[in-house]
Amino acid sequence: MSDTIEVDGKQYGVDEEGYLANLNDWVPGIATVMAAQDNIELTDEHWDIINFLREYYEEYQIAPAVRVLTKAVGKKLGKDKGNSKYLYSLFPYGPAKQACRFAGLPKPTGCV
Amino acid sequence: MSEVVKKFMYLNRKAPYGTIYAWEALEVVLIGAAFDQDVSVMFLDDGVYQLTKGQDTKAIGMKNFSPTFRTLGDYEVKKIFVDRASLEARGLTQDDLVEIAWEDFETEEEIENIVEVIDSARVGELMNESDAIFSF
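Line by line, the protein sequences are chains A and B. For the first sequence, our numbering assigns the number 1 to the initial residue and increments by one for each residue that follows. For the second sequence, our numbering assigns the number 113 to the initial residue and increments by one for each residue that follows.
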């Protein structure tokens, strides 16, 4: 648990898989830095999903499994975005795992 | 994926906090939901407290996970049962419990609340019909 990530000169604790240790520490810059480490430059489309995940967590207190995320995104952001092909094009390491990490959430429930 | 669909029942008998059983049971249900089985979740005895509205856990320093039950519909769990006698013994009614909605995104079929309060005879029947019961 001694790993940290540096964002704007501040250190934030992360777990052994790179997920933010404290959900409440999250600032958008953390997503930008984590994405850069994965060679991704965040676009508005990425932010839609990251913000969606944070809202989902706020309401239900869990990070959704990818199946559930896909359905819920389709409902909220339109059917053309509610499919795994679109989500994987944004988050190649898995929309639930990678996007949740950028969003500062714990690893999704149901990620077996 | 196996084509044989089994009837899985998750039985919740314990209060939401004080032990880890209730939260662990919910996680098992959510993870197990990925396997496309016929899943039902039953609340009995102190387990009925897990579904009560207006929980506030600040003073005990635990995460209030009661909002998470409302995702069960998203996870395609459509059968949630509560034992009426257990509710009555604790001075509770269905009005004290959270509502869990379910919606089919393809057909837009919607059920406003899938939480069903049933009598003890029906509880017994449902247990008998189950292929596997996971008791927490």
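You may find that some hints are simply not true.
The calculated DSS-like cross-link candidates involving lysine-lysine, where the alpha carbons are at most 27 Å apart (straight line), are [said to hold, decoys possible]:
| no. | chain 1 | residue 1 | chain 2 | residue 2 |
| --- | --- | --- | --- | --- |
| 1 | B | Lys165 | B | Lys175 |
| 2 | A | Lys107 | B | Lys190 |
| 3 | B | Lys119 | A | Lys71 |
Please keep in mind that the hints were generated in silico from the structure rather than gathered at the bench.
Outcome of the hint check:
no.	hint	in the structure
1	Lys165/B <-> Lys175/B	holds, 15 Å
2	Lys107/A <-> Lys190/B	holds, 25 Å
3	Lys119/B <-> Lys71/A	holds, 24 Å
Against the hints set out earlier in the document, no violation occurs for any number.
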